[in-house]
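Chemist: Residue strings, one per chain:
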Amino acid sequence: MGTTKKKYPVNAKDYKLYEEVGEGVSASVYRALCVPLNEIVAIKILDLEKCNSDLDGIRREVQTMSLINHPNLLQSYCSFTSGHKLWVVMPYMSGGSCLHIMKSCFPDGFEEPVIATFLHEVLKALVYLHEHGHIHRDVKAGNILVDFDGSVKLADFGVSACMFDAGDRQRSRNTFVGTPCWMAPEVMQQLHGYDFKADIWSFGITALELAHGHAPFSKYPPMKVLLMTLQNAPPGLDYERDKKFSKSFKDMVAACLVKDPKKRPSSEKLMKHPFFKHAKTVDYLQRTVLDGLSPLGDRFRMLKAKEADLLLQNKELEDKEHLSQQEYIRGISAWNFNLEDIKNQAALINEDDDFSTVEESKTSDQQNGINNHHSDAKSQDNADEIVNLENSFASFPIQPLQALKGCFDICEDDGADVSPTEQPLVPLSLKAGDQETDKDEIKKLERLKSLQKTTITGPRKYMSGSLLPDNVISPKKLVSNGERDHHRLKFQVDRSNSGPLQHIPRNNMANSLSVENVSEGAVVQKKGRFRITEADLSPKAPVLNPTPTLGVPAASLLPCLQSILQHNLVQREEILRLIKFAEQTSGSSSVDHAETGNSDFSQIPPTPREKELQSQVIQLQQSVGSLVEELQKQKLKNVELEKKLSDLAKTNSIKE
Amino acid sequence: MSFSFFKALRPKTPLELAKAIKDSLMSLDTKTVVEVKSLEKALEEVEKNFGTMKVMLLGDGEVEPNVDQITQLALEICKEDVIVLFFHKLPLLGWEARKDLVQCWSILLKQKVGSTHCCVQFLENHSDLLDFLVAGYDNKEIALNCGNMLRECIKFPTLAKYILESPSFELFFKYVELSNFDVASDAFSTFKDVLTKHPTEVSEFLTSHYDEFFEQYEKLLTSSNYVTRRQSLKLLSEFLLEPPSSHIMKKYIAEVQHFKVMMTLLRDASKNIQISAFHIFKIFVANPNKPREIKVILAKNHERLLELLNNLSAGKGGEDDQFEEEKELIIKEIERVSQLSNLDS
Chain A
1 MGTTKKKYPV NAKDYKLYEE VGEGVSASVY RALCVPLNEI VAIKILDLEK CNSDLDGIRR
61 EVQTMSLINH PNLLQSYCSF TSGHKLWVVM PYMSGGSCLH IMKSCFPDGF EEPVIATFLH
121 EVLKALVYLH EHGHIHRDVK AGNILVDFDG SVKLADFGVS ACMFDAGDRQ RSRNTFVGTP
181 CWMAPEVMQQ LHGYDFKADI WSFGITALEL AHGHAPFSKY PPMKVLLMTL QNAPPGLDYE
241 RDKKFSKSFK DMVAACLVKD PKKRPSSEKL MKHPFFKHAK TVDYLQRTVL DGLSPLGDRF
301 RMLKAKEADL LLQNKELEDK EHLSQQEYIR GISAWNFNLE DIKNQAALIN EDDDFSTVEE
361 SKTSDQQNGI NNHHSDAKSQ DNADEIVNLE NSFASFPIQP LQALKGCFDI CEDDGADVSP
421 TEQPLVPLSL KAGDQETDKD EIKKLERLKS LQKTTITGPR KYMSGSLLPD NVISPKKLVS
481 NGERDHHRLK FQVDRSNSGP LQHIPRNNMA NSLSVENVSE GAVVQKKGRF RITEADLSPK
541 APVLNPTPTL GVPAASLLPC LQSILQHNLV QREEILRLIK FAEQTSGSSS VDHAETGNSD
601 FSQIPPTPRE KELQSQVIQL QQSVGSLVEE LQKQKLKNVE LEKKLSDLAK TNSIKE
Chain B
1 MSFSFFKALR PKTPLELAKA IKDSLMSLDT KTVVEVKSLE KALEEVEKNF GTMKVMLLGD
61 GEVEPNVDQI TQLALEICKE DVIVLFFHKL PLLGWEARKD LVQCWSILLK QKVGSTHCCV
121 QFLENHSDLL DFLVAGYDNK EIALNCGNML RECIKFPTLA KYILESPSFE LFFKYVELSN
181 FDVASDAFST FKDVLTKHPT EVSEFLTSHY DEFFEQYEKL LTSSNYVTRR QSLKLLSEFL
241 LEPPSSHIMK KYIAEVQHFK VMMTLLRDAS KNIQISAFHI FKIFVANPNK PREIKVILAK
301 NHERLLELLN NLSAGKGGED DQFEEEKELI IKEIERVSQL SNLDS
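Going line by line, the protein sequences match chains A and B.
Reading the first sequence from the start, the letters are residues 1 to 656 in the UniProt record's numbering.
Reading the second sequence from the start, the letters are residues 1 to 345 in the UniProt record's numbering.
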């Protein structure tokens, strides 16, 4: 109700700032004295100059903060500007955030009754917010504040995030808001927009955070968190150490962490969950959690020092790790991710080891001959892109450059899709579909990349495609900012390429097992082919052969086998060409000897390198031979299997 | 007993609801307001009715609202002059009742009966109500509620046009500089909507009020308040560059006074402001028909300008290239102008 509130002055000189008690990227929180009222308050000071976008988002959040009125929500008393700083005056919560308390005194999380009490208070706040049409979008322990008496308030409506975009539905679909670990899958996917249920997910993650002392996946960089949230089963309370927790707690968490938002309970419904019967009054928190805590300012200073130490150590040990930490911090605070960027960054994590850029350029040089037939298709595509570019200019008259950025995606996607000739495994219809959806997504283009770059995508594609799910888990480095663009370019490729492979099991009629086998085979084969020019030529061709287990429908194997055969033929041709080349060079070197006497290398007839190459070629030939044999065998087997199958079918029909 | 039970169950019809809302708002008269107890009771009644209205308009989460009922309620509310009461009694209402009203308002305003929006039409005939909403910014308690309702109104060209031409439009120049950030920024956001949502109406307004408007606007651009300077500068490029206002833009960039302001902003302490200023400054310079006076200023200051421009960078990734390109063009133009011999007089 419209309780008449105290009049808080809107002038910086009426406040006396004390120590810092919290920190964001563009904002800091101070304990302060409101002089005229002689009252301790918290003041969040935000540097508007650091917010490049317009200030509308900040306005909305400040408004939300002053238009709410609930004991479990942190309301702002007032806000005003002083120079280019925005001051937001709020109640001072002397206990600090749950996160801070855990970090300094409860590193392994709280006891269940404490968790129940915290969550109950937070849920009350969410019920109120949702009822009034607000989505909090950043529920996490770091935003749960505790006062000296144990009272709990949910804080932070994104005042520290310049790009926080509330209200405007259309835009909020393209940006996502929140902190990766706590973010609901649908928020990440940005497919259908999202609603109140996103807060329920975050609430569930927060429950895990309070139980363990950290959020699930919190040790991973943000983009990996995104992938893990999307791909893995929802996290829950099912580790060994979670045995101490009650069934109702586990059940409550499981109810929140359902990937389908429709199946999550509303905040109101969740309130009726039996788990919250264990919630106590807040003075319980005061006795169990707050008792003996050192003053917030001191704790904050200590935590800050600790973090600085950690950062320093990391810097010495591993610069990359440090980078990822920075990136992580950035991720948390900037809050406006381009989803593709992040996905691509995540994809990068798999790649770097397998493929050096040097190798790429070499192989692509060698590939030019083979890839010639691609260039037609590609130039056509380029033409398309130019059309796209023009369209995009028309539709984005104000910010052509931003519009251009997206085009980048297109050209990469298309580039990748151009190479289906290298990829006979993928049914053509599927390809076309993919290209279409890609085109749909795409509106614009930044610059056209050289042909060379796009042709490299061949090998990368196969590797990333099949390896993706495994690699996601291995923690790896991030990209430095400077290299970002370059990387983005590469990763775009990975993304679109891993697409088709993932689709195969679902879309192809074939049994997924056999298809996967084959596609892996193709990978190896590709590798082999690409490395022909390299010294360490070691074809892993034997692996190539799919070894279909019995019971796999034989007919489904046929296309795969055919494609292998095709590959083999290509490989064979390649080898023959190489042999010819080798013969020519060794032959010509003896003939040209007299004329080109000054060329050093030709004077030592077959160089060790050449020998090596020759032996490798022979090896390759052998393996190809054996492959062809193997293939023949498989074909025979197939025929047999088919026979058996048809026999079986017959007997079946007879029986029936 | 059974009768009252039955009565409680039967939901109110739109007609009854409109009547009940009217009665409960009417009861908030001076006599009630001085008496604490009776005020409380009257407010409770209003809140209850607003709650019912909200369910009728927005549903209750389970039952979708009935379209016919919504239209009927909108009609009744206009017919019974309830809108007048909505506005006039707003300052007396409780916190939640105000918020409910704001939510309902956006729905009511959109209701169409035949080809007319009945509530919009009502406001067109009672335009002083819009002035009342604008003046709401003076009262911190209801400022944000008024702002939200006002922005809903501005979505309709006729109402936006009225506000532009009303004497209360001038108040915005004051409100956007209020010391309460939440109120000031809300007022700015409304101000921005008025000036950008309907380019044709804005163009007409700027044509007929050119001098007064830009005189006032210059005060915003040269304000000592960082937020005012930054936001008004950004807004200027938004409404000035709308196609229907191109003649306004041409007139604007031919006037030395505005050019001087832009030059000052180009040297602002804030980088964000410098960059926004550049995006308007460049139009002055790129203008093929620059008046002589502007050329003279460019020539006189070319060294400092070039130094300034060379030190200016957009900083943030994507816009870099275009910015640098434009900057180069502008630098070339300044160099060219500075070498013109016929400027010395």
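Note that these hints are calculated values from the structure, not bench results.
One should not assume that every hint holds.
Keeping only pairs whose Cα atoms sit at most 20 Å apart, straight-line, the calculated PhoX-like set for lysine-lysine is [unchecked claim]:
hint, chain 1, residue 1, chain 2, residue 2
1, A, LYS50, B, LYS140
2, B, LYS271, A, LYS85
3, A, LYS85, B, LYS234
4, A, LYS124, A, LYS269
5, A, LYS50, B, LYS271
6, B, LYS41, B, LYS22
7, B, LYS295, B, LYS251
8, A, LYS244, A, LYS277
9, B, LYS250, B, LYS234
10, B, LYS234, A, LYS6
11, B, LYS327, A, LYS7
12, A, LYS644, A, LYS633
Stretch-level coverage of chain A by chain B, calculated; a stretch enters the list once three of its residues show a Cβ under 8 Å from a Cβ in chain B [unchecked claim]:
hint, segment
13, 56 to 62
14, 221 to 233
Remember, predicted model here, so these are calculated numbers, not experimental data.
Glycine included, each C-beta is placed from N, C-alpha and C at the ideal position.
Chemist: Now look at each hint and say whether the structure bears it out.
Modeler: Checked hints:
For the proposed pair A:LYS50 and B:LYS140, the alpha carbon gap of about 28 Å is over 20 Å, so the pair is violated. Taking the CA atoms of B:LYS271 and A:LYS85, the gap is about 14 Å. The hint holds against a cut of 20 Å. Annotation: proposed proximity of A:LYS85 to B:LYS234 holds, straight-line Cα distance about 18 Å (limit 20 Å). At most 20 Å may separate the alpha-carbon atoms for a hinted pair to count; A:LYS124 and A:LYS269 meet this at roughly 11 Å.
This hinted pair checks out: A:LYS50 and B:LYS271 have alpha carbons roughly 10 Å apart, not beyond 20 Å. For the proposed pair B:LYS41 and B:LYS22, the alpha carbon gap of about 15 Å is at most 20 Å, so the pair holds. Simply put, B:LYS295 and B:LYS251 have alpha-carbon atoms about 16 Å apart, close enough for the 20 Å limit, and the pair holds. For the hint pairing A:LYS244 with A:LYS277, the CA-to-CA distance comes to about 18 Å; that is within 20 Å, so the pair holds.
Restraint check for B:LYS250 and B:LYS234: satisfied, since their Cα atoms lie roughly 18 Å apart, inside the 20 Å limit. Taking the CA atoms of B:LYS234 and A:LYS6, the gap is about 35 Å. The hint is violated against a cut of 20 Å. Between B:LYS327 and A:LYS7 the CA atoms are separated by roughly 48 Å; this puts the pair beyond 20 Å, and the hint is violated. Taken as a hint, the A:LYS644 and A:LYS633 pair is honoured in the structure, with Cα atoms around 16 Å apart against an allowance of 20 Å.
Taking a C-beta to C-beta cut-off of 8 Å, the segment 56 to 62 of chain A contributes 4 residues in contact with chain B, enough for the three needed, and the coverage statement holds. Under the rule that three or more residues need a Cβ within less than 8 Å of chain B, the assignment of the segment 221 to 233 of chain A is violated, with 0 such residues.
Hint compliance for this structure: hints 1, 10, 11 and 14 are not met, and every other hint is.
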